[in-house]
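Participant: Chain A is fixed; fit chain B onto it per the hints.
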Amino acid sequence: MGWCRKQAEATAEAVDVYDLAPHPAPNYDACHEPQAPSPFILHPVMSLTAQAPPLPVRPSAGAAVCLHCGNAVPRSRGDGYCCAGCLAVHRLLSEAGLDGYYQLRPRHIRPLLDYFERRASLDWLDAHPGAQAGQLNLAVEGIQCAACVWAIDKLARRDGLVRLGVNSALGQLSLRFDPERFDVRGYLETLADFGYRVRPSEDGAGADPSRGLLLRLGVCAAITLNTMSFSLPFYLGLSEAGGDLQAWLRGLSLVLTTVAVGYGGSYFFGRAWRALRHGIAHFDIPVAIGLAAAYAGSLWAFAHGRADAMYLDSVNVFLTFMLLGRFLQERTLLANRRRLLTSDAFSHACVTALDPQPREVPWAKVRSGERLLLQPGSLCPAEARLEGDRTLEFDLASLTGERQPSAVAAGETVRAGARLLSRAPARVTTLRGFDASALAALLPQERGHEDLPVLWRWSVKVYVFVVLAAAAAGLAWWWPHDPQRAAQVFISVLVVTCPCGLGIAVPLARTLADQRLARSGVTLRQPGVLDRLRAVRQVWLDKTGTLTLSDLELADGRQLDALATGERRALMGAAGASRHPVSRALYHELAARGEPYPDDGAAEEIPGEGVRYVDAAGTWFLGRSMHADGRAWAALSRDGLVVATFGLVERVLMDGPQSVQRLRDLGLGVGLLSGDRSSRVDDMARGLGLTPGEARAACSPQDKAERVADRPSLMLGDGLNDALALGLAVVSGSPAWERSAVADQSDLSFASGSLAWLPELFDTARALHRALWGNLIFAWSYNIVLVGLALSGRFSPLLCALTMPTSSLIVSAATTRALRR
Amino acid sequence: MNVLIALIFLSVILAALAVAFFVYSVRNEDMDHSLQLSLKPLEDDP
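Chains as they are written, first to last, in the numbering used here: chain A, 64 to 884; chain B, 157 to 202.
No wet-lab data here; the hints were simulated from the structure. It is possible that some hints are incorrect.
Below, in silico cross-link-like pairs of lysine to any residue (SDA-like), each with a Cα-Cα straight-line distance of 20 Å or less [unchecked claim]:
#1 A/217 - B/195
#2 A/217 - A/245
#3 B/196 - A/228
#4 A/428 - A/498
#5 B/196 - A/163
#6 A/217 - A/248
#7 A/217 - B/190
Simulated coverage check for chain B against chain A, where a stretch passes if three residues somewhere in it have a Cβ under 8 Å from a Cβ of chain A [what the hints assert, rightly or not]:
#8 163–177
#9 184–190
#10 193–199
For every residue, glycine included, the Cβ atom is placed at its ideal position computed from N, Cα and C.
Okay, chain A solo, but in the shape it has when bound:
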């Protein structure tokens, strides 16, 4: 049994002590809010030792680089870590004796800013047939480098796993184990503690969809090398006339090429045929035409003994490069899909209906007048009246984007989208159905599928037409003079115009752009984002949760280290028993330091005031206050005497002013859209170097949407209140610490403690655009020259064997150079 589960049970016992109201026992399994887990399972940081060892602390004066991730440490933290997540994982690695991690990791990895939101439920494991069969294929999020693979492997060996496969490129885990002897849940919980989020693979058996392409690529590459070596003697002077050797070399080349075209080429023929049947202009069509024409022409030349029209080695080179490009493309798409697993926060959202008997119902089926049971941490799906006789605390951050904890008395209205902060479940009666609620209007709509980028559509349509026209013209011109030469010209035009360079350069460019963005902490979640980005003229930024981290942060974490053991335990007991933002911030810092949750106390939350915690040492009280200007305090007292006070701050992303200036230098407008009050928005705008006219405060979701619709915009937002604006933006983005359907529908996700990734995104899009158009211009110039040669009858298989790989290498090198930072 994992440490976390033990803690959950211990904490649940504590709940029973204080929660004497006649409510049913909380149903933890029915809590569907992974982005805001229940405090009862809010212990993502395990402790591998009973007593947390002292942490390696670097003095604040020299703490420029995070000890875990290697990124810059903000001034607000003086403990040598950029965030509590990095602190937690660094401590766990150290406790587990896995310090070798830091010898293997690159200089920078992604900071674990979303560590406390990363943990997902493992409820699916009980019903998964693989758990009983001892065979699991999982998608995993969080693998960044060889060090992660090493750590996951080491943890598996420590726990006695029989066989583990880690596909770091695609984020896949395959586990083979003895269900009787291996605690798979414990192992997966350990992975979650180390920051790796797992979910059953959506690809069924876990097979890599690009594996078929890899097989084709390998076979065709081997054949290509052999056919090239068989052609080499002829290029070096071996006479075509007579002899067994010539016949064998040509014959073997033809047989091998037939195998390559039949096996590797079938991929393109099948896709081109499907595209034609559906009337789609796809890049596979010219590829298939070029391949078929080159092979058929070479076959004809072989049958007629025309060595000057035999392009067998070129056919193979072309096919291999096309497969390589397609393999790169497939792998990039798969890796992007896996880098951020989707959230099930809203897409499968359910709530407990009480009548006629308790049952789970989807939000969409909630009707007016229905009695619901809200679990701690869950959202109220529709406007409802609070039943019973207790005052409970709710937060409207999901709707407004701002942290607004407020107490709701019995009989008062709970707004749709309000999240229950109190630890006691709430009974409510809906005043309207979900369809008519404010929440339904804010939920994001699924985006349609993207069209193919303009470059591809244009290439396919024009390219095919021009190629066929040129070949037909050559045939028509030469036929009256020399029918044999006419056929050779026809074939050579089709061969020379095979889109070899584009086929390899375009996927390569997209792969390099994706890797460049990944290094900045950006993950593209939808296709065509970098193409659409060129249309953007305005960047709109939400404030809370986007320019700031979603949670408050302790102003000085070293205060916790100065507390006595009993005081720290009491603080953990009180803070861990509440969902209030102030309590959560304290809890995260304590949990990151390995403070175990005490199992001998009882906590009671007093809405609007704080948490009372009683243990053997006395009666403790964690009071808290949040001011409208964003400042927050907490005070821990024992038997009425204040023991310690804590200041909490809203952490703003670093490099804001420089990033805004760089965006302006790129010709983009920048603005701030916030639902917060104007004094706070003005402060943030000044900090970013924005003018008062560029910042808009007290914006409703509709206000934000109107602004975004005014100009082609990139919108960054994090909550339901931003969903309308994000849906209207040309490009939308959400922070990785936001776990909701809003984030899942966004075009991109970012995980960085700095805003420097934003101008980098535009730089990358422009570099990609330059690379693609540069390649296209090169390809057309190259083709015009060589088609001219082919039409004049001067083209030869030797020239083709030289120019085709050379042109591909040139465009690949140019692409790499254009996208290298």
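Facilitator: Below, chain B alone, put in the same frame as chain A:
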């Protein structure tokens, strides 16, 4: 000349063997876990 033809056949057979090993390796999922396999030399002796 016959020797050359024999050598060509030999090279084709060797290439076929290489392809067969490659296919076996891919089906054995070695390519999927290439990074994991590359870390094997770092392991301590049991």
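Participant: Decide, hint by hint, whether the structure agrees.
Facilitator: Outcome of the hint check:
{"no.": "1", "hint": "A/217 - B/195", "verdict": "holds (11 Å)"}
{"no.": "2", "hint": "A/217 - A/245", "verdict": "holds (15 Å)"}
{"no.": "3", "hint": "B/196 - A/228", "verdict": "holds (13 Å)"}
{"no.": "4", "hint": "A/428 - A/498", "verdict": "holds (8 Å)"}
{"no.": "5", "hint": "B/196 - A/163", "verdict": "holds (14 Å)"}
{"no.": "6", "hint": "A/217 - A/248", "verdict": "holds (17 Å)"}
{"no.": "7", "hint": "A/217 - B/190", "verdict": "holds (16 Å)"}
{"no.": "8", "hint": "163–177", "verdict": "holds (count 6)"}
{"no.": "9", "hint": "184–190", "verdict": "holds (count 4)"}
{"no.": "10", "hint": "193–199", "verdict": "holds (count 3)"}
Against the hints set out earlier in the document, no violation occurs for any number.
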